[in-house]
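4 protein chains.
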Amino acid sequence: MNEQQLNEHNLLDEVLDQLSAHKIGPTQIGDIVYELVHGYILDLTPAIATDSVMHVLAKREVQNAILTGLALDTLATQHLLPEPVQTIVENDEGLYGIDEQIAMSITSVYGSIGVTNFGFVDRTKPGVIGELNEHKAGVVNTFADDLVGAVAAAAAARLAHDNPAAVHQNFGIKHD
Amino acid sequence: MNEQQLNEHNLLDEVLDQLSAHKIGPTQIGDIVYELVHGYILDLTPAIATDSVMHVLAKREVQNAILTGLALDTLATQHLLPEPVQTIVENDEGLYGIDEQIAMSITSVYGSIGVTNFGFVDRTKPGVIGELNEHKAGVVNTFADDLVGAVAAAAAARLAHDNPAAVHQNFGIKHD
Amino acid sequence: MNEQQLNEHNLLDEVLDQLSAHKIGPTQIGDIVYELVHGYILDLTPAIATDSVMHVLAKREVQNAILTGLALDTLATQHLLPEPVQTIVENDEGLYGIDEQIAMSITSVYGSIGVTNFGFVDRTKPGVIGELNEHKAGVVNTFADDLVGAVAAAAAARLAHDNPAAVHQNFGIKHD
Amino acid sequence: MNEQQLNEHNLLDEVLDQLSAHKIGPTQIGDIVYELVHGYILDLTPAIATDSVMHVLAKREVQNAILTGLALDTLATQHLLPEPVQTIVENDEGLYGIDEQIAMSITSVYGSIGVTNFGFVDRTKPGVIGELNEHKAGVVNTFADDLVGAVAAAAAARLAHDNPAAVHQNFGIKHD
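Residue numbers (this note's numbering), protein chains in the order written: chain A, -2 to 173; chain B, -2 to 173; chain C, -2 to 173; chain D, -2 to 173.
Please note that the accuracy of each hint is not assured.
Pairs involving identical chains hold if they fit within one copy or between any two copies, as the list cannot separate such chains.
Said to hold, decoys possible - Here are the computed lysine to aspartate or glutamate pairs in the EDC-like style, where the Cα-Cα straight-line distance is at most 20 Å:
# : residue 1 : residue 2
1 : Lys133    : Glu80
2 : Lys122    : Glu32
3 : Lys56     : Asp40
4 : Lys56     : Asp159
5 : Lys20     : Glu80
Keep in mind the hints are simulated off the structure, nothing from the lab.
What you are looking at is a predicted structure, and each value in this text was computed from that prediction instead of being measured.
Chain A with its partners taken away, still in its complex shape:
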C-alpha cells in the first residue's frame, strides 16, 4: 500500500471489516449504548444508539485506535509479537494498561463524560464486551474488549451532549 492509496482508502470500511473479523457488529455496540443511556434519554431507540456508534466510528482518531489495537490482538493470536509483549498481551495482564490507554484516545474526544462512561463499562463489561473478555478458543481480545467499551462510552457521551435537557433533568439537583 503506498501513501496515495492510504489517503484514498476508506478507513471506515477497514474498521468495520476488522471488527467483523473479531465477531463485533455495530448493532452489538449500539445495544450497550442503549442500555447505558435509555434510562434518561427517554425517546432513545436501539437504532438511534447504533447511529451514534457509526458517528463515532467515522472519526479518524477512533479508526486509528481501533486498527492499531486490533492489529496487536491479531498479532498476539498468531504468536507474532516480540517477547515479553507477546506474553503480556496474550494473558491480558491486569496491570498492563496500554489497552485502556489506546481505548481512551477514543473517549477523551467526547469530554470527561466519555472517560467516566468508559471506566464504568470497563468494570461492568456489559453485552459483547463480556463475551470478548472471555478470550475463547485461543483468540486474543485484550485490546478488542477495551476498544468496544470505549466506542460504546463515546457514543453514549455523544448522545448526552446532544440531549442537554434530558441530562439536566436526570442528573441536576432537586433543590430543597
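Place chains B, C and D on chain A using the hints.
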C-alpha cells in the same frame, strides 16, 4: 498568607480540615476502597485501605485538586461565584465536566487503572459519595463527590499496583 | 439566575465578555494559531485561524473550562478565594497544575495533537499568552494564560485535522 | 515465555535492551532532561538528570508503554504489521496520534507538568529525538521518538516536583 508561609504550610492538614468541613473522613473513603478491591486482594483490611487513602492525600497534585474543588463548592454554597458559574455549579449540571476534569488530575497519577476505577465509582456512587451527591440542605457538593471518588479510585489503583500477583490471578485469562 | 435562564443563556456571549474583561480578543488568539500552523497549511490566513478559534469557543466543554478558570482568576484578583488556594493562585505556583488540568479539557477534545500543541504553547508563551503571564498591576491571570494557550492549541489541531494532506506532506517521512 | 517467567522477568533489563537496539541510551535521554531543566534547577548535573531517567524507566506502566511502542516499530521495520496500520506507522502519519497517546501514559503519571513538557519536546525534538525522527535507512522510529520524548518529559517533571523551591523561584510571579 505570604509565599514563605505557603511553603512551610502543612497542606495535608489543610486538606484533612477541608474534607472534615464537608463531613468527609479518610476512613469513609477507605471503606469505599475496601469495597472496590477486597474481592481480589484477599488479605486487605479496611485499615490498609485507609492507609492507601492517606498515601494518596499526601501527594501535592492531589492536595491542589482537593483544595481547589472544595473552594469552588464553598464559594457556591455562599453564592459568591460569578454567574453563570454560580448557577452551573450550584445545580451540578450533568454536562459541566470540570468537576470530573479536576478530579481526574488525582487519578491519572495512578495510571489507566486509576482512571477506569474513577469512572466506575463516578457512576455507582458508593458510600459517602452517594450521600454527598444528594446535596442536602443547601450545601453544594458538586466537586466534593467527584474528588472523593477520585481519591478512592486512586487509592484502589495504588493497592493494585502494589499487588501485581493478586491482580494477575484475578484478571488474567484462564487459557483453554 | 434560574435553571431555565441558564439553558437559554448564550454562553458564547458570556465567554467573549469574560475574555474581553481580561483584555483577550479572539483575533489575538487567532494570531497565535496562525503562527503555529501557517508553516504547513500554506493557504492559511489570520482570518481563517480566528474562524477556527470561534469554532472552538462554541463548544460547551470549552466554555465551561474558560468560565470556571476565569472565575477563579477574578476571585483571586479580588482576594475572595479561601486560603491556601488564594495564595497559590495569586502566585501562579509552578507546581500547582490545576490551571493546566482545566485547560487540557479544552485540548483533549481535539486528540493528542491538541495536547502536544498545548504543551508547546505553554512553554513558549507566544503573543498575548506571554503578556498575560506577566500578571501586571495586581491582575491575576494564572488560569487565563493557560486557557488562551489551550484554545489556540485546540484551534490549531482542528485546522490540522481538516487538512490531512498538508500535515502529511510536512510531517510524513521522506523514504530513502 | 509462561506467566511465571514473566513475573520473574526483569522488565527493566528488557527495556534497556530494546532501547539499545534502537540506538538509544539513558544518558542521551538524560542530556535532553538536563537541557530542559538546568536553567532553573541550578545544581543539576547530567548525571543527576540521567538518574531521574532511570527512576522513570523503573516504573511498570512506563516499561509497558516502551515495550509495546518499540514492538510496533520493530514489526513495521520488518513489514509484519497488518495493513493499513503498516503503511500508517511506516510513514509516521502526522495525524496518526496513537504514538503520542501511548507515550502520554508515561507522562501523565507525573502530573500536568509531565504532559506539557512532553508537548514541548514533541515539537522541538531536541537531541536524540530529532535523530530518531529522521527515520534513517529504513528503520521505523514512529513510536521511538515519542517514547524517548515522554521519558525525558517525565524525568524533567520528576525533578521539578522534587525541587519545588527552585520551580517557585523561577516560575512564581514577581509581585509589584
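Return the numbers of the hints above that this structure violates; sort them in rising order.
Hints 1, 3 contradicted; others consistent.
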